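Undergrad: Place chain Y on chain V using the hints.
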Amino acid sequence: MTELNELTLAEARDGLKARTFSARELTQAHIAAVEKARALNAYLLETPDRALTMAEVSDAKIARGEARPLEGLPLGIKDLFCTHGVVTTAGSRILEGFEPHYESAVTHNLWRDGAVMLGKLNLDEFAMGSSNETSAYGDVISPWRRQENGTLSETPIVPGGSSGGSAAAVAAHLCLGATATDTGGSIRQPAAFTGTVGIKPTYGRCSRWGTVAFASSLDQAGPIARTVRDCAILLGSMAGPDARDTTCADLPVPDFEAAVSRGVKGLTIGIPKEYRVEGMLAEIQKLWDEGAKWLAAAGARIVEISLPHTRYALPAYYIVAPAEASSNLARYDGVRYGLRVPGRDIAGMYENTRAAGFGREVKRRIMIGTYVLSAGYYDAYYVRAQKIRTLIKRDFEQAYAAGVDAILTPATPSAAFGIGEKASADPVEMYLNDVFTVTVNMAGLPGIAVPAGLDAQGLPLGLQLIGRPFDEETLFATAQVIEEAAGRTALPRAWWA
Amino acid sequence: MNAPVNPKKLIKGGLHDWEVVIGMEIHAQVTSRSKLFSGASTAFGAEPNDNVSLVDAAMPGMLPVINEECVAQAVRTGLGLKAKINLRSVFDRKNYFYPDLPQGYQISQYKDPIVGEGEVLVDLSDGESITVGIERLHLEQDAGKSLHDQNPTQSFVDLNRSGVALMEIVSRPDLRSSEEARAYVTKLRTILRYLGTCDGDMEKGSLRADVNVSVRKPGNPLGTRCEIKNVNSIRFIGQAIETEARRQIAIIEDGGTIDQETRLFDPGKGETRSMRSKEEAHDYRYFPDPDLLPLEFDQAYVDGLAEGLPELPDAKKARFVSEFGLSAYDAGVLVAERASADYYEAVARGRDGKAAANWVINELFGRLNKEGKGIEETPVSADQLGQIVDLIGEGVISGKIAKDLFEIVWTEGGSPREVVAARGMKQVTDAGAIEAAVDEIIARNPDKVVQAREKPTLLGWFVGQTMKATGGKANPAAVNALLKAKLGIE
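Sequences listed follow chains V and Y, in order.
With the UniProt record's numbering applied, the first sequence has no gaps in its numbers, which climb one by one up to 497 at the end.
With the UniProt record's numbering applied, the second sequence has no gaps in its numbers, which climb one by one up to 490 at the end.
Hints were generated in silico from the structure; no laboratory data involved.
Errors might be hidden in some of the hints.
Derived, one-sided and incomplete: chain Y residues facing chain V with beta-carbon distance under 10 Å [what the hints assert, rightly or not]:
#: 1; residue: 54
#: 2; residue: 58
#: 3; residue: 61
#: 4; residue: 99
#: 5; residue: 101
#: 6; residue: 105
#: 7; residue: 155
In silico DSSO-like links for lysine-lysine, alpha-carbon gap of 30 Å or less [said to hold, decoys possible]:
#: 8; chain 1: Y; residue 1: 111; chain 2: V; residue 2: 363
#: 9; chain 1: V; residue 1: 363; chain 2: Y; residue 2: 278
#: 10; chain 1: V; residue 1: 387; chain 2: Y; residue 2: 94
#: 11; chain 1: Y; residue 1: 278; chain 2: Y; residue 2: 12
#: 12; chain 1: Y; residue 1: 94; chain 2: Y; residue 2: 111
#: 13; chain 1: Y; residue 1: 94; chain 2: V; residue 2: 393
#: 14; chain 1: V; residue 1: 387; chain 2: Y; residue 2: 111
#: 15; chain 1: Y; residue 1: 145; chain 2: V; residue 2: 363
#: 16; chain 1: V; residue 1: 387; chain 2: Y; residue 2: 84
#: 17; chain 1: Y; residue 1: 111; chain 2: V; residue 2: 393
#: 18; chain 1: V; residue 1: 363; chain 2: Y; residue 2: 9
#: 19; chain 1: Y; residue 1: 316; chain 2: Y; residue 2: 82
Computed from a predicted structure; not experimentally measured.
For every residue, glycine included, the Cβ atom is placed at its ideal position computed from N, Cα and C.
If we strip away everything but chain V, and leave its shape as in the complex, we get:
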């Protein structure tokens, strides 16, 4: 029999409803799995007592026939979401020990719907990274390993980032699903690297209130889970209007789960030629072609489209995101909360605190952001990047206006790499991981990554679908077709347990 923690979220929900097992048993199974998987370093903080208390409340609710949509389902929470009374670090020393007196809108919605919190998940520091190697609390190790000559390689693999803890925990069955955030690809890239499903919804679909900010105009929360359906269920609870975030859309949340089985008959799927980048790996191209074939076989019309400003997206992103970050991270100054390192005067205290509190990548981005906003450089960098952003958005608008319902691309340029393999290299090489995903953030669109196969070394590869604003439903329907066609790929042996 399958262990309870290996069920999908939808299966677990149905099992609870049918009283096949209790929320307490389900939670207990996850707590045990989490304890055995500490080698992955996916959880920064385990909250088993809280989880069991929540599970007991869920069991009581289920017994009374009052089950809420996520009743008794154990989840992991990316440590970028502020959780009331539970330490929230954003993966940074500067927030070590910080205990919020408030609950983020997204996690509040999950608890409102009956979900159970297993703990806080590791991430790149302030969500800045593509490999989860920038966390102040150590790298997250992917549960996946390369197959070499029929045996598992010992080389530790990155889970991707910044939601590396979320992706690794979901892939290793350490939670049924996890919250994540995506500023330039931080949900979709780790989902693709770990054979999980991750959706970055339309900007404004989920409230940003109570989520530690990286780049306000790009940040968006979303779920990572093991199936498309599980993502649809989770997003249905996470999303919704919030007057406390003026950029949050005042729109009702559709029944995402109902959309999963809609199929793609009659849909037009665009294949953007500009995503066929120079030096693209053959296996990525093959995967992409295969994805298009699956969709065509299911009744979709495949058309080639052009998104001419794609190549400017990454450079523009690396101006806009650091600019906003340099300002957003100014509040971590040692004055009111978090780390404080004394200095000879106030400027000395700032310098010492921020020098000790921030890691290399965060410092690099603060420096870039400060530079591009400086007098004399603002017009040359920030203003031009914003113009590019407008053009990228227009590319998509034109494609959708021409009748395209969704756009199919690879999720990443390659499968996951080994820990340390890119950490010492030129940071731009790491940034290139986001080449297929940043355009979506720049345009504020929804994007989903769905597993589509394995590379030659047995590591997962994913495809990305990009949708119209606030049309996550089409993405779920389309991703479901790919998921079914590709077949779910099993994890290799649980080497960590």
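TA: Just chain Y, lined up with the frame of chain V:
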């Protein structure tokens, strides 16, 4: 900017005359119950850090939400300044580090302010008036307060003010003397108080001024300016300008040049001193706040607010002149405070407007000033003062008795009409009674009678004696006429 130079306004230097050019940035605290982007209270005088929300303290993940009342107040103010209202404006972040700035940036408006160009008509003491151009008005957050005197080794921070809404009102460099500058701030304060958009209380810091001062030879291009930060009284604004202008003139006349810099005025020492030079100026790295959408509203919203505006001082003054026949000067005095104008109007309605103005300005304001009271604290109500004016008009009491009556009403209260009746203060108009008094005085002073026929100005002495004999109650006009007839003076 190059209006004809008024020689009276020039400052005498050692070598020649200098023209001072002044522009001002006024920071006016918006009257609102809660802060610009949070629900925390703006009440003055709370314990340190009592009025601080999670947003004001810039906790991780907190987001600003615009307070619509502050937007309405800024639009009302713009309308009061006859300014262009921008239907779309943008909030920007002004980035700098300071312990009383929790976010590490101030949310302000940089390129696209909510209010554009306007003007303020300013009356000067010589009866002249000038029009001061308003360049813009924008909304921004106030900072908190650093307390350096609470602990020997640490500074404390009070965030009660952090996030309170301010309107920064930027004038053009249209002011040419400290007097003009003072009059401008006074007038601006009057307009804000009429509108109810800022209480104008400089002692509580509700109104602060940054003053830009430069000097030049009349007719020359603008000189290099220095900005004097955070001057917090109208008197100090005048002193700071005088001091700074003289400092600059002395430097230039000694062959030096002015460095553009930010300075502070020390009223105790009567000097300005450098705070930071242009090179040390912050690079604020302004950019649009990505947490906030552009602020947009339609013309109907503006029109709705315009309809709800009170009559403003300039219109009220013009109406007082035309409706009550007042001099421009008196009308100006009366409209300086909305409460005074309302009081005056209550007294003047249905009465002689000029007489009412005299009583309000000379007696009431005089007495209030003497006791350091504001019009809100007057013990004599408009109705009571109106009755006093009526009693004079009806000839029931003389002007002199009226002053006594005013004093009684001031200290003891009561209905003026009843006081007059109860205390027998009624003017004597009975010709017989007055005649008897006059006859007696003439009989007792034959020598003075002779002199008066030579020198008619002595009539005044006889009037005084008669008034004294009648306890001041005799009708002065009747006394005059009778004496002239009896003494044979034309």
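Undergrad: Which of the listed hints are broken here?
TA: Hint check: 18 fails alone, others pass.
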